[in-house]
Amino acid sequence: MCAVSGVQDTSTLQYRQLGFILAGGLSSRMGQDKSTVSINGRAMLDIARQLLDTAPLHAHYVLGGPYGTFEEQTTLHGPGRAIADVLLQLAESFTGTALFLPVDMPCLEVKSLEKLLETAKHTQRACFYDNAYFPVAIPISRQFTPRLKTLINDKPSVALRAVLACCNARSIPFTGHNKELINVNTRAVAESLSA
80 MCAVSGVQDT STLQYRQLGF ILAGGLSSRM GQDKSTVSIN GRAMLDIARQ LLDTAPLHAH
140 YVLGGPYGTF EEQTTLHGPG RAIADVLLQL AESFTGTALF LPVDMPCLEV KSLEKLLETA
200 KHTQRACFYD NAYFPVAIPI SRQFTPRLKT LINDKPSVAL RAVLACCNAR SIPFTGHNKE
260 LINVNTRAVA ESLSA
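Everything in the sequence shown is counted per our numbering, starting at 80 for the first residue and increasing by one.
Some hints here could point you the wrong way.
[Unchecked claim] Within a straight-line C-alpha distance of at most 27 Å, the following computed BS3-like cross-link-like pairs (lysine-lysine) qualify:
id : residue 1 : residue 2
1  : K190      : K234
2  : K194      : K234
3  : K190      : K200
4  : K200      : K258
5  : K200      : K228
[Unchecked claim] What follows is a list of derived Cβ distance ranges for each label pair:
id : residue 1 : residue 2 : range
6  : K258      : G147      : 26 to 34 Å
7  : T133      : N257      : 17 to 25 Å
8  : L155      : A244      : 38 to 46 Å
9  : S271      : P235      : 19 to 27 Å
10 : T133      : P225      : 22 to 30 Å
11 : R240      : N264      : 33 to 41 Å
12 : N119      : T154      : 25 to 33 Å
None of these hints come from the bench; they were simulated from the model.
This one's a predicted model, so the numbers in the text were calculated from it and none came from an experiment.
No residue lacks a Cβ here, since even glycine has one placed at the ideal position from N, Cα and C.
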């Protein structure tokens, strides 16, 4: 059993769908770790974990911060570097799809995640929604390894857009509720979602 979410042991699976909650960023505007910011009485990290518990994943992890359950290779270099490091680490062992979402998107719905996972698996390309780089589903594949290694060797902090370009990313139309793609970056936004 996975200690993170009670999901089966994935060590013998050939194809895996894994989820990663990005929770390692600093938030000076919030004045506290975003993982602990409360929306309707629940911490955003708990909201994200519960969402991934319902998604079609073999396991999910928290990447970064004090609640991390998946060890970051390089800390405090942004989400692009964190994602590149995870993809490089996973591609050595198996194939599958990695779903990345930031801890500060508490309104996401599982249907929106399922669409990204299915599209990425079918097309073998990273995919995200129009006008929003997160959430993003990226195939776990050695085909991206050379480009990702070159990218992070050239510069330790890499833009998410550059990582997505290495993974042949494409955007797809978003058909969910606009509220799903809201990022909680200020107390005012957090309070508006709790109202």
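(Q) Holds or violated: the 38 to 46 Å window for the beta-carbon distance between L155 and A244? (A) Cβ of L155 to Cβ of A244: about 23 Å, so the range 38 to 46 Å is violated.
Q: Mind checking the hinted window 33 to 41 Å against the Cβ distance between R240 and N264?
A: violated, 19 Å
Q. Taking only the CA atoms, is the gap from K194 to K234 under or equal to 27 Å?
A. violated, 32 Å
Q | 22 to 30 Å as the expected CB spacing between P225 and T133, which holds or is violated | A | Between T133 and P225, where Cβ atoms are some 35 Å apart, the hint is violated.
(Q) For the hint 19 to 27 Å, verify it against the beta carbon of S271 and that of P235. (A) Once the Cβ atoms are compared, 36 Å apart, the range 19 to 27 Å for P235 and S271 is violated.
Q. Taking the beta carbons of T133 and N257, is their distance inside 17 to 25 Å?
A. holds, 21 Å
**Q.** Proposed proximity, K228 with K200 (alpha carbon, max 27 Å)
**A.** holds, 22 Å
Q.
Taking the Cβ atom of K258 and the Cβ atom of G147, is their distance within the range 26 to 34 Å?
A. Given range 26 to 34 Å: holds, Cβ gap about 28 Å.
**Q.** Straight-line alpha-carbon gap K200 to K258, limit 27 Å
**A.** holds, 26 Å
Q) Between N119 and T154, does the C-beta distance stay in 25 to 33 Å? A) Holds, since N119 and T154 (Cβ atoms, about 30 Å apart) stay within the stated range.
Q | Restraint status (C-alpha distance of K190 to K200 at most 27 Å) | A | holds, 15 Å
(Q) Tell me if the straight-line CA distance from K190 to K234 falls inside 27 Å. (A) Violated, because 35 Å separates the two Cα atoms, which is more than 27 Å.
Going through the hint list in order, the structure does not satisfy hints 1, 2, 8, 9, 10, 11.
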